[in-house]
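J.: Chains as they are written, first to last, in the numbering used here: chain A, 1 to 262; chain B, 1 to 217.
In short, the hints are calculated from the structure, not lab data. Worth double-checking, as some hints may not be accurate.
Said to hold, decoys possible - A partial selection of chain B residues facing chain A, derived with a Cβ cut-off under 7 Å:
1. Glu-30
2. Arg-36
3. Asp-37
4. Arg-38
5. Asn-49
6. Tyr-71
7. Ile-131
8. Met-151
9. Thr-169
10. Arg-178
11. Ala-179
12. Met-182
13. Leu-185
14. Val-186
To be verified - Chain A stretches covered by chain B per the calculated footprint, using a threshold of three residues with CB under 8 Å from any CB of chain B:
15. 175-184
16. 253-261
Ideal Cβ placement from N, Cα and C applies to all residues, glycine included.
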Amino acid sequence: MTTGHLEASQLAEHAEGLLGVDEAAYVEAHLQQCEICRATAADLASVSAMLAAAPRTLPTPAHVVDRLDRALAVAAAPEPEPARVVQLSWFRRKAPQLLAAAATVGILGFAGWVATTGAGGDDSEDAAEGAAIAEPEEQYDAGAEAGADSERAAEESAAAPLHAEDGELSAAPPELADEIRIVVAQEQDGDDDAADTCGLPLAEERGLELVGAAATDVTGEPAVLVVLRSSADPAVVYGWVVPECDATGDEALVTDQRVELD
Amino acid sequence: MTTDPREIRTVDDDGLMRRHVGGDPDAFGELVRRHRDRLWAVALRTLGNPDDAADALQEALINAFRRATSYRGDAAVTTWLHRIVVNACIDRVRKAAARPANPLPDDTGRMLRLAAPGADPSDAVATRLDIEAALATLPPDQRAALVLVDMEGVPVAEVAELLGCAVGTVKSRCARARAKLMPLLVPNRRAGNRAAPPDVPSTSPKSELAPPGGDPQ
Numbered sequence: 001m002t003t004g005h006l007e008a009s010q011l012a013e014h015a016e017g018l019l020g021v022d023e024a025a026y027v028e029a030h031l032q033q034c035e036i037c038r039a040t041a042a043d044l045a046s047v048s049a050m051l052a053a054a055p056r057t058l059p060t061p062a063h064v065v066d067r068l069d070r071a072l073a074v075a076a077a078p079e080p081e082p083a084r085v086v087q088l089s090w091f092r093r094k095a096p097q098l099l100a101a102a103a104t105v106g107i108l109g110f111a112g113w114v115a116t117t118g119a120g121g122d123d124s125e126d127a128a129e130g131a132a133i134a135e136p137e138e139q140y141d142a143g144a145e146a147g148a149d150s151e152r153a154a155e156e157s158a159a160a161p162l163h164a165e166d167g168e169l170s171a172a173p174p175e176l177a178d179e180i181r182i183v184v185a186q187e188q189d190g191d192d193d194a195a196d197t198c199g200l201p202l203a204e205e206r207g208l209e210l211v212g213a214a215a216t217d218v219t220g221e222p223a224v225l226v227v228l229r230s231s232a233d234p235a236v237v238y239g240w241v242v243p244e245c246d247a248t249g250d251e252a253l254v255t256d257q258r259v260e261l262d
Numbered sequence: 001m002t003t004d005p006r007e008i009r010t011v012d013d014d015g016l017m018r019r020h021v022g023g024d025p026d027a028f029g030e031l032v033r034r035h036r037d038r039l040w041a042v043a044l045r046t047l048g049n050p051d052d053a054a055d056a057l058q059e060a061l062i063n064a065f066r067r068a069t070s071y072r073g074d075a076a077v078t079t080w081l082h083r084i085v086v087n088a089c090i091d092r093v094r095k096a097a098a099r100p101a102n103p104l105p106d107d108t109g110r111m112l113r114l115a116a117p118g119a120d121p122s123d124a125v126a127t128r129l130d131i132e133a134a135l136a137t138l139p140p141d142q143r144a145a146l147v148l149v150d151m152e153g154v155p156v157a158e159v160a161e162l163l164g165c166a167v168g169t170v171k172s173r174c175a176r177a178r179a180k181l182m183p184l185l186v187p188n189r190r191a192g193n194r195a196a197p198p199d200v201p202s203t204s205p206k207s208e209l210a211p212p213g214g215d216p217q
């Protein structure tokens, strides 16, 4: 190490105004009389200039492009034909239940809400009946057994949150279960993202841990799949489909779809 | 609704964001295609290795995809995306910094070997490394500070906020990082083992930028 010359780091700190008064004065005085150190200072400045002049873009490697495309395809839940058919058929099966659940909340208002949130004891039966009476107007082509379905489904949906933790109800259909598992896997892969608050209002309302959220079109239109973790069993999660990240349970399109993680 | 792939390329960024929020499945992909290389450059330079950069970029883009409704149009879409990518990178840098033990000692020989595998560090011929390889030799916190300040033009105060440290800390990290990069990037210079040639390389670009934040006393 050459003695008698200033260290590059010292010159760099001097350029940033980081040195104390005495040291700065010493460096200034040295620079006045030392050509080599002046050259070092100029080279240091040229480092910043080179960095500033570097191209703004770099070609993204092909494997990274592929990876991003795949990840975004999952996030977008795009519609390859067969998958869409499966998803729609799942939604048709579930449609009466969903509509009945909506009717329960919509018509019975607070009573329905109490029933579905589990505070209501006997009310839940009333709620289910109310839902069965209130035939949804815009029927999907759910078929002749829609009425019976919706009655059964309404009971189920009114009762589901009551028993959500005991695991008997609402096992998610495979297509939705897959989406739920993808969300779980992504959250495990990635680091916790404190800023990711999508689904938080729902999680707070349900009093459950938010695992993650993803875009989904499982209901046939863009929506958000929110995954919550069971408080009783960390290996159990529940998928909810809500219209947007900030939605709470009363806006849910699909509730409490249970998935056991391996 | 399907979109003509040629038609979508004529839509501007704001239009693509509106389409994406409106449910067009192709709009966000087109945004990514347009700005990917710019975002990749930020991630690679800030994080110093392609694996971390790919992770951060993916995380950021998925995040942006989901949070598109939070885009208010008060900044350009590119700026919005850029910010999300920078945040994803900074998250990683801060986690890395929280881990003990800086793996890179301040050792120019080792830096050179790492930056240019196969190059013999005893070779006195000036080796000008490419900027990304040189950046990769820096400790994560220094690299992030320097990339944001010198390459991305982010104000020092903002970088301090992003990194969760004092302004002086950012300046100090940048200063140390520049000192380490100098022998790697500036021709005919090796830290300590030889003096600058008598005539300062006139090819070295004269800095028009004063080092950011450095108020000459």
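J.: Against each hint, give a clear statement of whether it holds in the structure.
T.: Results for each hint:
A cut of 7 Å between beta carbons decides the hint on B:Glu-30: the least distance to chain A is about 11 Å, and the hint is violated. Given the 7 Å rule on beta carbons, the hint for B:Arg-36 holds: about 5 Å separates it from the nearest Cβ of chain A. For B:Asp-37, the interface hint holds, the least distance from its beta-carbon to any beta-carbon of chain A being 4 Å, beneath 7 Å. Taking 7 Å as the C-beta cut-off, the interface hint given for B:Arg-38 holds, the closest approach to chain A being about 5 Å.
Because the closest C-beta pair between B:Asn-49 and chain A is about 12 Å apart, greater than 7 Å, the hint is violated. For B:Tyr-71, the suggested interface contact is broken, since its CB lies about 13 Å from the closest CB of chain A, more than 7 Å. Taking 7 Å as the C-beta contact cut-off toward chain A, the hint placing B:Ile-131 at the interface holds, the least distance being around 5 Å. Checking B:Met-151 against chain A: minimum C-beta separation of about 5 Å stays under 7 Å; hint holds.
A cut of 7 Å between beta carbons decides the hint on B:Thr-169: the least distance to chain A is about 10 Å, and the hint is violated. Residue-level restraint check for B:Arg-178 holds (minimum Cβ-Cβ distance to chain A is 5 Å; threshold 7 Å). About 4 Å separates the beta-carbon of B:Ala-179 from the nearest beta-carbon of chain A, less than 7 Å, and the hint is met. The interface hint given for B:Met-182 holds, since its Cβ lies 5 Å from the closest Cβ of chain A, which is under the 7 Å cut-off.
Against a cut-off of 7 Å between C-beta atoms, the interface hint on B:Leu-185 holds, since the closest Cβ of chain A lies about 6 Å away. Residue-level restraint check for B:Val-186 holds (minimum Cβ-Cβ distance to chain A is 5 Å; threshold 7 Å). With a cut-off of 8 Å between beta carbons, the stretch 175-184 of chain A has 0 residues touching chain B; three or more are needed, and the interface restraint is violated. For the stretch 253-261 of chain A, the assignment as covered by chain B is violated, since 0 residues bring a beta-carbon within under 8 Å of that chain's beta-carbons and 3 are needed.
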